[in-house]
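Participant: Chain A is fixed; fit chain B onto it per the hints.
The listed protein sequences derive, respectively, from chains A and B. Quick note: the first sequence uses our numbering, first residue 1, plus one each step. Quick note: the second sequence uses our numbering, first residue 318, plus one each step.
Hints are computed from structural coordinates only; laboratory data are not their basis. Treat the numbers as computed from the prediction; the structure is a model and nothing was measured.
Restricting the straight-line Cα-Cα distance to at most 30 Å, the calculated cross-link-like pairs of lysine-lysine (DSSO-like) are:
no.: 1; chain 1: A; residue 1: 87; chain 2: A; residue 2: 131
no.: 2; chain 1: A; residue 1: 108; chain 2: A; residue 2: 87
no.: 3; chain 1: A; residue 1: 108; chain 2: A; residue 2: 136
no.: 4; chain 1: B; residue 1: 618; chain 2: B; residue 2: 646
no.: 5; chain 1: B; residue 1: 618; chain 2: A; residue 2: 199
no.: 6; chain 1: B; residue 1: 409; chain 2: B; residue 2: 635
no.: 7; chain 1: B; residue 1: 372; chain 2: B; residue 2: 661
no.: 8; chain 1: B; residue 1: 799; chain 2: A; residue 2: 108
no.: 9; chain 1: B; residue 1: 802; chain 2: A; residue 2: 108
To list a few chain B residues with every Cβ distance to chain A over 12 Å, as calculated:
no.: 10; residue: 412
no.: 11; residue: 631
no.: 12; residue: 638
no.: 13; residue: 757
no.: 14; residue: 770
no.: 15; residue: 825
The beta-carbon is built from N, C-alpha and C at its ideal position, and this holds for glycine as well.
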Amino acid sequence: MGILHPSSFVFPVQREQAELKTTVRSIEPSQEIFIDEGLPIPDAYDVDLVRVLVQDPFCIYIYWELRQATLNGLRTIFSTDDFAGFKIVLRLIELRGNHEAFFEVGAKGDYWMGVYPDRRYQVEIGARSPKHGYVKFIGSNIVETPRGTVSVEVAEDSRYRVDQAEFIDVLEASGFGPEETLAVGIVGEDEQAAADYEKALETIPQELHHAILTAAAGRELTDEDIDALPDPIKEALLAIRAAGGDGLTSAALLHYLPEIMRWLMLQQAGAAADFKQHIHITPRFLVGSSEIGIMPVSIVEWLPSLMMRHRPGSRLK
Amino acid sequence: MEKGYLALVLHAHLPFVRHPEYPEFLEEDWLFEAISETYIPLLYYFDNLLSEGVKFRITMSITPPLSEMFCDPLLQDRYLRHIYKLIELAEKEVERTRNQPPFDETARMYLEHFNRARWIFEERYGRNLINGFRYLQDAGVLEVITCNATHGFLPLIVRREAKRAQIQIAKRNYEKHFGRSPQGIWLAECAYSPGDDDLLKEAGINYFFVDSHSITFGAPRPKYGIYAPIYCPSGVAAFARDVETSEQVWSATMGYPGDFDYREFYRDLGYDADYDYIRPYLHSDGVRRNVGIKYYRVTGKVDLGKKEPYVPAWAREKAASHAGDFIHKRYLQMSHLNQLFDRKPIVVSPYDAELFGHWWFEGPQFLNFLIKKIYYDQDFLRLITPSDYLTIYPDNQVQTPSASSWGAEGYNRVWINSNSNWLYRHQHIAEERMVELANSHLDAGGVLLRALNQAARELLLAESSDWAFIITTGTMVPYAVKRFKDHIHRFTRLYEMIQGNQIDEGWLAYVESLDTIFQEIDYRVYRS
Numbered sequence: 001m002g003i004l005h006p007s008s009f010v011f012p013v014q015r016e017q018a019e020l021k022t023t024v025r026s027i028e029p030s031q032e033i034f035i036d037e038g039l040p041i042p043d044a045y046d047v048d049l050v051r052v053l054v055q056d057p058f059c060i061y062i063y064w065e066l067r068q069a070t071l072n073g074l075r076t077i078f079s080t081d082d083f084a085g086f087k088i089v090l091r092l093i094e095l096r097g098n099h100e101a102f103f104e105v106g107a108k109g110d111y112w113m114g115v116y117p118d119r120r121y122q123v124e125i126g127a128r129s130p131k132h133g134y135v136k137f138i139g140s141n142i143v144e145t146p147r148g149t150v151s152v153e154v155a156e157d158s159r160y161r162v163d164q165a166e167f168i169d170v171l172e173a174s175g176f177g178p179e180e181t182l183a184v185g186i187v188g189e190d191e192q193a194a195a196d197y198e199k200a201l202e203t204i205p206q207e208l209h210h211a212i213l214t215a216a217a218g219r220e221l222t223d224e225d226i227d228a229l230p231d232p233i234k235e236a237l238l239a240i241r242a243a244g245g246d247g248l249t250s251a252a253l254l255h256y257l258p259e260i261m262r263w264l265m266l267q268q269a270g271a272a273a274d275f276k277q278h279i280h281i282t283p284r285f286l287v288g289s290s291e292i293g294i295m296p297v298s299i300v301e302w303l304p305s306l307m308m309r310h311r312p313g314s315r316l317k
Numbered sequence: 318m319e320k321g322y323l324a325l326v327l328h329a330h331l332p333f334v335r336h337p338e339y340p341e342f343l344e345e346d347w348l349f350e351a352i353s354e355t356y357i358p359l360l361y362y363f364d365n366l367l368s369e370g371v372k373f374r375i376t377m378s379i380t381p382p383l384s385e386m387f388c389d390p391l392l393q394d395r396y397l398r399h400i401y402k403l404i405e406l407a408e409k410e411v412e413r414t415r416n417q418p419p420f421d422e423t424a425r426m427y428l429e430h431f432n433r434a435r436w437i438f439e440e441r442y443g444r445n446l447i448n449g450f451r452y453l454q455d456a457g458v459l460e461v462i463t464c465n466a467t468h469g470f471l472p473l474i475v476r477r478e479a480k481r482a483q484i485q486i487a488k489r490n491y492e493k494h495f496g497r498s499p500q501g502i503w504l505a506e507c508a509y510s511p512g513d514d515d516l517l518k519e520a521g522i523n524y525f526f527v528d529s530h531s532i533t534f535g536a537p538r539p540k541y542g543i544y545a546p547i548y549c550p551s552g553v554a555a556f557a558r559d560v561e562t563s564e565q566v567w568s569a570t571m572g573y574p575g576d577f578d579y580r581e582f583y584r585d586l587g588y589d590a591d592y593d594y595i596r597p598y599l600h601s602d603g604v605r606r607n608v609g610i611k612y613y614r615v616t617g618k619v620d621l622g623k624k625e626p627y628v629p630a631w632a633r634e635k636a637a638s639h640a641g642d643f644i645h646k647r648y649l650q651m652s653h654l655n656q657l658f659d660r661k662p663i664v665v666s667p668y669d670a671e672l673f674g675h676w677w678f679e680g681p682q683f684l685n686f687l688i689k690k691i692y693y694d695q696d697f698l699r700l701i702t703p704s705d706y707l708t709i710y711p712d713n714q715v716q717t718p719s720a721s722s723w724g725a726e727g728y729n730r731v732w733i734n735s736n737s738n739w740l741y742r743h744q745h746i747a748e749e750r751m752v753e754l755a756n757s758h759l760d761a762g763g764v765l766l767r768a769l770n771q772a773a774r775e776l777l778l779a780e781s782s783d784w785a786f787i788i789t790t791g792t793m794v795p796y797a798v799k800r801f802k803d804h805i806h807r808f809t810r811l812y813e814m815i816q817g818n819q820i821d822e823g824w825l826a827y828v829e830s831l832d833t834i835f836q837e838i839d840y841r842v843y844r845s
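With the rest of the complex left out, here is chain A (with noise of 0.2 Å):
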């Protein structure tokens, strides 16, 4: 959905002046507008919670609020010294292959995690010590990221089932063949992330440049090929390929260039910076709806510095 109007009392349409010169004769009144920034709400709900979103199939929100009298629980259970060497803590788990990670964090706060695709997560807060582990206090729904390319799985039903060159075909009428998804490009006209993204185009490492292009033109990709790419990506590939995907990982490969080009936008801004999390690179084949066409601006910005621990070449499987 489109809202309708394209000016507001606050951001009017940008309009040359010189171009209404000819026609604007006598000068508007300059006033004082006001603007109803809304009713207060609350900072805080006292209450302990913790929430996880998928953003894409590569990242996920998490937002948590843990109470004080939840954390003073412990004192009850441990010294007072034994209480004093737990740590908040953000439990992250993978649940498919069961993996975690901890992360120290304070009682309130929120984060963008790099993750997999086609993975479940669910996120914990609770309280470590070197003496006494982990202790949890509160869990999070559980979330699932979406695949982002095609399935490994072919129907069981002989009627819908499609072999490999079928399957190819089909792709391809349905607008996600090589030529459709190659082309990704910034959404908006911000033109630093246009520039940045530019720049990255530039400096695309030699082997990442060769497996695009293999892809692209529809030929298989080689061990090596697959070697050159950032590790979720790598993963989701090698899983098609070991079901017997051949034809199918460069189709795979393509689908997932708006990650790839962040991902290299991410390494070239270095150590100063954390992640471009705000632009929006959209292939081809999603080109068409008002939330994608009459979308202004993209703006950047940088993220928590925990992504630094987890950019996308290091993150929790």
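Facilitator: Using the frame of chain A, we list chain B on its own:
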């Protein structure tokens, strides 16, 4: 004999904007502009086609907030005030341009356009456009479907009960307005997560739409790609958006609306006219804005000041020509798909309804030509609705579509990002609290019942995906923030009053008078 089918789907939605606390309110213009430029032109053409005996089938989602605004007496009165002012301005413009061709013809076009809008609104449909859509549905040319109650973005609603409420309330609201149950639903922002279809099944809804990659990336691999629906494990059908027809209309570079002969949206009399002349037609703050009278055409990639005059006849010719081109491209597409598949393909082409008429002024004319040409000029393509397709092909592949939306990049980034993330903590707490209230008040009555129902309304209004979308796109942000905070504030106060057993009846009545959506609501829909 047809080679395949085309399902045109128009998604009509605006957030619930109604401000009785002010004598006028800028954002209410969204509705008024869409009524004059989109909804009435569509009704006008569909009605005429029906009268001419043209057989066609179009699917339209009319969202519950839009339906509620169509029926609202305050907004109906304000729309009439709005259109009468426009008629007055257009009459002046006819005089002003009398000897200035080609502007005179365009001025007369606007006067006719506004007079017709007034007549259709007031006389033909008795101030309530629901009457028009219901009439066309009952006549068999429209299939009106519903949408999430307040366009809530399902993948970012955590509590299952709150997701269910978005669907169940939408269904009841549809029944109130259209006198039957909805066959299908447009999931807000085409946003879907596996399992959401179970909620549709519970509501008796037979089909919904997803973006293309939802099916192509679904499991198992789809035999017919995006050219046949799949059944989710729940048995509800999912239809995928066609890439090619989307691009023909939406693409900034290749899309029809950018044709040089079509009307230029951004060159408006509200900015061009002498200030004293246009002042009576602006809002009371006196700030120049679009008034909806535009005399120039797209012309090309030139500054707004260098646009050339609009010629209605040229634009009409282009709309006809583009309709022909659209059909020719479907012929090529169908011919190719017939070689691939052992059944007739369905091309599903969903668009925001407001594109037609508001952004793309000639859009309704294009649809009119398209429908006529499909009916009179060819036999390889037939317009149908998803329900029609499921009658023709009741057996379809079973698949779990991939989570997806139709926003940039195809997932949730447009609605959850570093500008909009702060919304969700408040929204989710309110969802938890609403479920808690519903579970702890099994059979409320009197003032308590009113407070519980109003709490549900405030939560639903806070959940509108429109606020996050506006915040992300960076236009009109203060209004989106205001709306979200107002609804969370009101919900929180209601929650505290209900829990504290101290309901301020005067304040409750005031809030009830502001946020009037869903008078039929029953808070118990939030029970676990």
